[in-house]
Structures are given as C-alpha cells and as structure tokens.
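Participant: Could you fit the two chains together into a complex? Lean on the hints.
Chains as they are written, first to last, in the working numbering: chain G, 527 to 964; chain Z, 12 to 324.
Some clues are possibly wrong.
What the hints assert, rightly or not - 25 Å max Cα-Cα, derived SDA-like pairs, lysine to any residue:
hint, chain 1, residue 1, chain 2, residue 2
1, G, Lys-605, G, Glu-877
2, G, Lys-945, Z, Trp-189
3, G, Lys-643, Z, Gly-85
4, G, Lys-618, Z, Val-303
5, G, Lys-591, G, Gly-570
None of these hints come from the bench; they were simulated from the model.
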Amino acid sequence: MKSMTSVKSALSAAAVLLALGACAPGSSSGDEPAADANAPVQTGVPSGQVELNLIATPESGAAMKDIIPAFQTKHPNVKIKYVDTTYDDYNKSLNLALSSDTSPDIVLLNAVGTTVKDQLILNLQPYAKAYGWESAYPAGQLNQWRVATDGTTLGSGDLYAAPASFSQVGLYFNKAKLKKLGIAAAPATIEELEAALAKAKASGETPLQLGNKEGHASFPIQLIGQSTDGPAAYAKWVFGEGGATFDTAGNTKGAQSITDWGTKGYYSKDANGIDLQGAVDKFTKGDGVFFVDGSWDSKKIGDALKGDAGFVPFPGPKATAIGTSVAYGISRKSKNAQAAAAFLDFLRGPEAAKASFAQGFLPSDTSTVTAEPGTISADLIAAWNKVNADDGLIGFNNNATATMNDTLVAETQKLIAGKVAPATFIRAVQSDWARTHG
Amino acid sequence: MADSLANRVAVRDRTVVAPATPVRARRSRARLVPLLYTAPALLFYAAFVIAPWLHSLWISFWDWNGIGVATWAGLDNYREILADPALRLSLVHAFGLILFYSVIPICFGLVLAALVANVPWKGMPFVRTVIFLPQILPLVAVGSVWKLFFDDDGPFNALLRAVGLSDFTRAWLGDFTWAYPAVGVVGTWVSTGLCFLLLYSGIGKIDPALYEAARLDGARAIHEFWHVTVPGLRRELSVAATVTVIAALASFDVVYVMTGGGPGESTMVPGVAIYRLTFTAGQVGTACALAVVLSLLTCAVMFALNRLTREKP
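Extracted from the complex, chain Z is given alone in its bound form (with noise of 0.2 Å):
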C-alpha cells in the first residue's frame, strides 16, 4: 500500500517538477519522503503484528512443546490439522459464529438504526449507551455472567419455570443440543449495539434528498428502507462485517469460560484449541498451525468481504 501510495506521489512530482534533477534520483527520493511518514507506525506494525505472525509460521514447521528443544516437523502439524476431526470441527464452530456474530446483529443493527433515525427521541442518548455497553464489558465478564444466567439454578431456567416451561429447563451449557446457541446468544449481545451505532450514524450521512426524491416516486418505507437506506450505508455495512467476523473466527473469552469448548467438543472453536494445544498438550508447534490456518482463512474472508462491498467503479 505503501508503495502504490509512493508511485501515485511520484507520478505527480514528474510531472509537476521540472527535472533539473535525473528522473530516476527524484524518483527514489520521492519515494523514499512518504515511507518515512508512514515509518513509525510501519515499524510498530512490523514488530508487534508482522514479526510474530511469521515467528508463528516458523514454529509451526517444527514438533515443539514449547519448552524442550524442537525437531523439524515439514509439513506434519498441517496434516494433523487436517486428519484431526476436532480441529476441523472447531474451525466449522467458528465459521458457525458468523451467523450470531455478524449476520443477526447487523440484521438486528439495521433494523433498529432504521426505525430509530425516522424518530427523532429525547431518550436516544440514554438508549445508545445502553445498547452500545456490550461492547465495552471485558469480554470474561461477560462470558461468566451469562455462565451463570444459563446454569441449571441460573435466572434463565427460573425464567422459563415462572412462565411454565419447566419442561424445558436443562443445564443449557451442558447440553450438546443447546451449548453452541447459548454461547453464540452471547455473541449477538455483544456485536448488535456496535453494528446499531456504526449503521445510525450512517443513517445520518445519508442524504435526505435521496428519500425525498423516493418519496415523490411513491416509495413507501420498506421501499426507502432497500432501496435508499440499505445501498447508503454500503461503507457502514462493510466496517461492521469485517469486525464482527474477525470476532467470530478469533473467538476465544466467551467460549473459553462458558463451556471450555464442552460438552465433548460440541463448542469448541480455533481459539479454545490453540490455547490447549499450547498450554496444556505442550504441542506449540500444531497450535501455530492451527493459528496459521485460521490467519489465512481470515484474510481470505475479508478479501471476499471486501470484494463484495467495494463500490461499483
């Protein structure tokens, strides 16, 4: 990116500048001018991010607990990735997540911000913060305190009990039918007060012409609503997308407390097992496999994502 940004600086330098200078020492100087700009942060990003994804990707080559001393493994721990149906499982789990993660909040999100912005509400600070407080919970606590609203004495089944469904009472975290719901419920509280903010303010940046004009077309409200509202907030849609899936394929604090991945492997997610596969299996080299595959498949969600959310040129 960088570079693309040096070349299009450079181009313009050409052709502005008379070339008192060779063209080819400006060339590199321009160049070099913005890299410099961008340098600090680059560094930091290269340290902190680039340089311990790659030191993963070379651990990942080896059999190593972590501690001892390591023995070139090739391409084995991928391979024990791929023959484990667990782990395979787990990377399902996580794609799963999406669904409660990203698709139902932004659903939910939309249709909230859409109906909210139409009515201008005194109480709408108040509502926004109350919303928006999800996302600002250490996600632990969160986690433990739905643990507990889903215990077989928790204030879920006391719930159902009062309406009269006792029936359907049942330690829902220890439930192989109803664990994966429960901790992706979780999710959805979490991620729908960010998307709900993210879209209203969008709402906001729409121009109101767009709906007048839709107006006088005869459109009613489900017509402005897809066909105004929706295509507006393209950019909004996109930034709450990408979030919301990166925290459903890195899903690790809401899973880990709640079930540990239980009952048998029926919720367990990437997360949960790299954190095992490290700490407790001393398999550090299969985790980072593990960790490696799921950075892949992220990015290669996102470029999806993004290609599907660009703006038509």
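Excised from the complex, chain G in its bound form (with noise of 0.2 Å):
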C-alpha cells in the first residue's frame, strides 16, 4: 500500500513536471524577426494624440522634469508620463519591464546588459542616421551603446541608445585644505598627487576620502589602469572585445597603490563601512583632501564646500575620465517608436542641455551651457573638455559584465582590508569577464 502511494505520488509529481516542461522556460517569446538596420524611418512627431511612458532612475532622470514640459509644449500632441524608480531596483526590474505586455516606450539604459541579447530594445541605426546623431556626437560618446551581432560585445556595430547627458569621474579636491598644505595647484600627474597625500598626512589630514562599502575603491583603480595604459587600450577591456585582460601593468599599479596608500593611512580604516553619500557627507564637512567620485554628486559638494571645492580630471599623461552617458533606448514593444525617436532626437538639443547640466550631468556640447568662474561647475566644463580633446572618456569597468558590479565591491573590499594581494584580486577580476567574454 505504503509503496504504491510512494509511485503514484512520484508519477504526479512527473506528470506536474511534464506540464510545466511542455515548453523550456522563456522560449515562448524572442521569436519576432530582427529589426532590420537599413529600413528606413519617418523623423518628427507623427500627427494625432500619442502617449509615451519613460522610466528612469531619480538621479539620472531628474532633468526630465524640466525636459518633458519643454518637448510637450513644442509638441502638444505628445504626452509623455515620467516614473522613476531607485538605481538598484530599477536596474534589477528593467528587463522585466520590457518584456512585458505594458512595456514602456523610452528606457534609461545604465548598462547593456542582456537587452540586445534578448532583443527587448530597438536598433536604433535607422535614427542615428535619420537624424544624423553620428555627426553629432565625438564617436567615444556613442561607442559605449554600440553592439555587436553578438549581443554582448560592445563598442561596435549598431547604436542601442541615445545619450541625453554624461557623467564623468575625476578627482575632487578641497582648495582650501590643498592652500593650507602650501600646494598651489591641482596635481597634474600620479606622483604629484601621492606627494600631495603625504604632505596631507603628515599634517594630520585625511588625505583621501574614501567610501568603499559599494565598492568605490574601484574608481581610482580604474582611473590609475587607464591612464597608465592608455584610454584606447584601456577601453577594449570594458567593451569586452576578445582576448583583452584586465591583468596589465596600469591595473596592477591601481590595485598596488590602493593598497599601499591603505597602509599608510591615506585613507579610514574603516573605508568598507562607509557607503558613497556617507564619503561625500564626511568630504563636504573637511574630511579629506581629496576624493575620487562622478559629477553627479557635484552640486552637493559645490553647495556645501562653495568656493573651496575643485574638480579636476584624474592626474596622468592623458586626461582620462571614467564617465557614461544618461542614455535613453526604444522598446521594442513600443508603437510609438517614431515619436519615441523624436524625443531622444530633442534631447541633445539646448533646452534639454541646461536642463541636465543644472543636475551635475554634462552635455555634449558644453557651447550650450555656461558657469561662472571659479565654481565646481566651471571646473566641471574644462575637465569634461581636457577629456574630450583626449579622447579619454571610459566606460564603468562595473558595467563589463552583469555581475562585475558584484565582483567589484566584494573583491575591493578584500584587497584594502588586506585580504588579498593585488595579483590575485586582478585574477578574480579577470575570470568574472571571461565567463561572459572570455
């Protein structure tokens, strides 16, 4: 009896099994033809009511309150309805989002991801040439959302996304403290920056601001890899472009000289329990000389450091930045991809220009925005413009791969708490990406 029950539950359980497997899990959707590249598109608003919903993160998106009325009084026929949702779930909900039946139009992208892969965004080559974005925009500020017919290699092939606005990483510091420790200016390479740190410590300071509980200590690493190495050589790397390694002498020089700069205190101790807003909390209130982060905290520390706060790009041979583009995509459930495309169309323009750089976030063309002298802001347009003329400008090495974010924060925590030696955080580095790339 007892055994009987045992096999008929077991034949159930199988029969539930084979119900559920009749399909392998996701196949029913991605059987849509692709998008063909060269068909060609309508440019402008097409007539009658069309309605169109954005989705976007509060950071990145904070310019589209003013961005959207703009559009809509040009075009008073479009209604465009904004939602915005924090980084972290938005990041972790987009492709669901987009796979579903109420997909929204316009999508801020952080990152590729798997949205090409699994065709759930629109090519949006047709556009770019329609509209003539490629004339438009220096060709490293599209490259980050071009993709191969892999699905997953970055940097060439189709456009994906429109930037709107960028952010770049560079080097902030404190001018009144630097004045304080009798240097005049900025330092302008790696050498002069680490006597500057010494010459902080020595005098008791803080000499770099550092919050690492995110995994920020990423930033300087990269921005040591990249100078050392070359921007050019550097970005292949981050593009995931074949038989590139993280393990090069400018990323062994970064994770060798976090860890030295550790032991000799340039930093708190405590850099893995703070996260990035307490690092910028503790640096706005004078601790710390300097401090490795992106604009888009830039009109906090000018409000509370005023005059004394400085931005500067990363010191090196070649001014390099880590910086990414506020890049809307087309879904590709969208039925209004034409009015879809004008809207990314308008938001290089002048309008939406002011708009973003009044949130920290720079526009292609810095002609369209001003600042006054001596404020983070102008300090901000001539770094953004000593990139540019350097083709500097480098993706997050964070957005590699979908887990590199991950793979980031947890190995640099290790290697500043001493865990690990630089060579091997660079291994555990390089075989996240060559799961994916590799």
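Facilitator: Below is the structure:
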C-alpha cells in the first residue's frame, strides 16, 4: 500500500513536471524577426494624439521634469508619462518591464546588459542615420551604446541608445586644505598626487576620502589603470573585446597603489563600512583633502564647500575620466517608436542640455551651457573639455559584465582589507570577465 | 499524511459498520471523505507551495537568464554550485546563523521563562509585549535600524567611546571579522522574544505536582530546571527550534539590508546569493538550483530535528 502511494505521488509529480516542461522556460518570447537596420524610418513627431511612457532612476532622470514639459510645449499632441525607481530596483526590474505586455516606450539604460541579446530594445541605427546623430557626437560618446551582432560585445556595431548627457568621474579636492598644505595647484601627475597625499597625512589631514561599502575603490584603481595603459587600449576590456585582459600594468599599479595608500593610512581604515553618500557627506564636512567621485555629486559638494570645491580630471599623462552617458533606448514593444525617437533627438538640444547641466550632468556640446568662473561647474566643464580633447572618456569597469559590479565590490573590499594581494584581486576580476567574454 | 489518516478512518469504519456494500467500494469512498475536507487547504498548498517548488526544480535544469531562450543544462547548475567556493561558503554561513537565530535565543528564552515563571509579577504583560516586539516588526526596518546602530558614526561606537573603549570602535559592518556576528546578533534580538513567549506559555502547562514531587525529593531550583522544566517543554522547544532554524537558513532581509553579503563574501547567505543570481547575474537556473539545494537541506534538518525531539513511544 505504502509503496503504491509513493509510486503514485512520484508519477503525479512527474506529470506536473511534464506539464510545466512542455516548453522550455522563456521559449515563447523572442521569436519576432530582428529589426532591419537599414529600413527607412520617419523623423519628426507623427500627427494625432500620442502617449509615451518613460522610466528612469531619480538621479539620472532628475532633468526630465524640465525636459518633458519643454518637449510637450513644442509638440502638444504628445504626452509623456515619467516614472522613476531607485537605481538598484530599476536595474533589477528593467528587463522584466521591457518584456512585459505593458512595456514602457522609452527607458533609461544604465548598461546594455542583456537587453540587446534578448531583443528587448530597438536598434536605433536607422534613426541615428536619419537624425545625423553620428556626426553630432564624438565617436567615443556613442561607442558605449554600440553592440556587435553577438549581443554582448560593445564598442562597435549598431547603436541601441541615444545619450542625453554625460557623467565623469574625476578628482575632487578641497582648495582651502590644499592651500593650507602649501600646494599651489591640483596635482597633474600621479607622483604629484602621491606627494600631496603624503603631505596631507603628515599634517594630520585625511588625505583621501574613500567609501568602499559599495565598491568605490574601483574608481581610483580604474583611473590609475587607464591613465597608465592609455585610454584606447584600456577601453577594449570594458567593451568586452575578445582577448582583452584585466591583468595590465596599469591595473596592477592601480591595485598596488590603493593597497599601499591603505597601509600608509591615506584613507580611513573603516572605508569598507562607508557608502558613497557617507563619503560625500564626510568630504563636504572637511574630512578629506581629495575625493574620487562622479560629477553627479558635484551639486551637493559645490553647495556645501562653495568656493573651496575643486574638480580636475584624474592626474596622468592624458586626461582620462570614467564616464558614461545618461542614455535612453526604445522598447521593441513600443507602438510609437517614431515619436519616441523624436524625443531622443530632442535630448541633444540646448533646452535639454541646460536642464541636465543644472543637475550635474554634462552636455555633449558644452557651448550650450555656461558657468561662473571659480565654481565647481566651471571646473566640471573645463575637465570635460580636456577629457574629450584627449578622447579619454571610458565606460565603467563595473559595466563590463552583468555581475562585474558585485565582483568589484567584494574584491575591492578584500583588497583594501589586506585579505588578498593585488595579483589575486586582478585574477578574480578577470575570471568574472572571462565567464561572459572569454 | 492525508493518506494515513484516510487509512485509519477506513479501518475504523470497517470494524463498526456491517459490510452491506462490498468492502472495497466502501473503503475507497471512506478514503475520499477526509480528502474532501482537506481539499481546499491542499489545493492552495499545491498551487502556491508545491507547484512553484516543482517549477523551480524544473528551471534548475536549464541555463536561463529569466527572459531569453533557455537551453538544457542537466545537472550543470548543481555542479556549478558545488564548484563555486563563494556559494558553498554561503551555505556554511546559513548553518552558522542557527547559532544566532536558534541556539542562543532558545537558551536565553528558556532561562528567562524559567526565572519569570516562578515570580508572579504585575508588570508581566508589559514585559512580554516588549520582549515580543521585535518579532512583529518588518525585518527590513529592523535591518535598517541595526545598520545605523553599527555605523562608524553610529550609537554603538558612541557607546564604546563613552566608556573609554574608543580603540575598539570601527565600522562594524565593514569589518571582515565582525560583520558576521553583528548580523547574527540581530537574529538573536529578533528570535529571543518568540522563544521566550513559547517557552513561558509551555511552563504554565507543566503539572505543578511534578515540581512538588521534585522538591519533596530534595531537588534544588537548578535540578527542577533540568529535570522538570526542560523535559516538560519538549514540544515547545521543538516548535521554537523548527521556526527559528528555518528563519536562520532562509535568512535574507536582514543580511541584504545590512551588508548585502559583504565585506567580501563574509556575510553572504544563500538567500542573498539566490536573489543576486536571479536579478543581477541573470542566472535563473543556477539560482533555482541553489534554492532547491537549500530547501532540501532545510527539509533534512527539519527531519533530524523532529527525530531528535519526538517523544519516546
């Protein structure tokens, strides 16, 4: 009797499994034909009432509250609904939102991820041609959103997102503290930076403000790495080009420097327990002579430190920055792709540029915005122009694979706690990369 | 279970009622009746617990990112779990949390309950409420508050400084040695109230005559505790252990909010790893495999626990 029932229940379980398994998970989607990159498209806004849904994160989408009304004034027949979700939740739910039947039309893309591979977003190459985006932006600014036909290699191929504005990671410094240390100008080479850090330590200051709870030690490592290796060579790894490796002289130097700076007490021994916003708060309260962070925090830092806040590209032979664009793509499920594309084109106009810059994001063309000399905004523009002149803008290492951010968080924490040597750190990062691109 | 119940009913039926209809038909009809009673609950259990679990099991054999097309992976996902030291470590961490979620709270709860039960006390309802309070708070809120507590500028460090221990201050949740116990302490804080309340009500049900008899035999308070209270609480202890061990093995909220598994992988638990594999890495198959392994391990622990606490026949 007993064995009979267990046989029966095993059979019914198998039946359920078979019913569930009639199709492989996810196999019902993704069988639409791929978009033809050469198909002609219409520019401009179509006539008739159009409603577009746009989703973003609060930080990147901050300028939308000014940009959307400006667009709607120009095109009264278009209504754009804006919804934002916090960064973490946004990234985790974006693919599901795009694949749902109620997909938004325009989406903020923080990284390409699997959106192209899974055919979730529209190939914008036809619109790029029609609107002339390729001649309007420097090549480096669009490359991050070019995806090869394999769906994972970045930097070449068709365009999948249009940049609205840019962020750059560089070196913030406290002018008052630098002056007190007797240093006349912001460091221009790594050697000068290290000398300044040593001087700051000797006079009892915190030389470098660093919060690594969320892995931001990876910023200085990447900045030292890319300025040592040169931006063109360094970008290959970030783009996932076959054969690239993280094991370069620059990254080794970067990892070694961060380790040494920790041993010398240049940053807090509690760095692993401080998040980025915590570090920003400390820096604005005068804890730290230098601070490596992105332009997105410039408003907060400028408001608190006023004239004492300074910003330069990270010191090195070439002006390089880690940066990415606040870029928007169009859902494959959007029924109003033409209107959505018209909105993307509007994002590179002067109204959108001003609104973005007010939130700390840089426009591609800095001639559309102005800043008072001596302010952090003026420093940001000057740094941005230098970086672009050297073609030194490189995407975040964190975006090299879907899991790279988590890997960099865990591995930099081990590195600065002295749990692993720089060589082990580099091996761990490369092995994550190799799982996707190797 | 429903089946053995049906058997018992059938057996009773046969002995009481004369076999007017053929035994076989009666038996099968009698078997159906109790099934009918349990059907609504069974249906929900099947739809919302068993079916999703089987679905996870099914997905665990595929290489799937949650959106695109899946490819058959066989046992590859399971091999990956066993091969990945970080994922193996997360399982070890989950079992380590049993110390903080179950062992310590049950010890605390037992001692507290035994102490309080002997002293009739007016303020008892108030104390009970306070001790139980952590249990009814959302764990995300609990985690957020404890995170602030252990912050480098937080109250815990302020406390240490106030008593002259400023050399010991640190960002507790960013420290490779201390982050894990700091997360564990929260589990103890949450579980102690539940254990206390369960055991306290259990003590009330122990026959006072047993204590009297023990005292007549010359037992002291400590003997009473070991030989009367503890054996008398076997059932309550079993329930407390079951609930808290499951909470330990399935922990997610507190760890996710407080450390996200860091620094490094020093507080990584399966719950957080499964979440990350699904939503960040897009390795839904591997995530499901880890979930299946975790649920099987949990079942095994429950089985052992039931064996251990079962009353001797």
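Participant: Failing hints, ascending?
Facilitator: none
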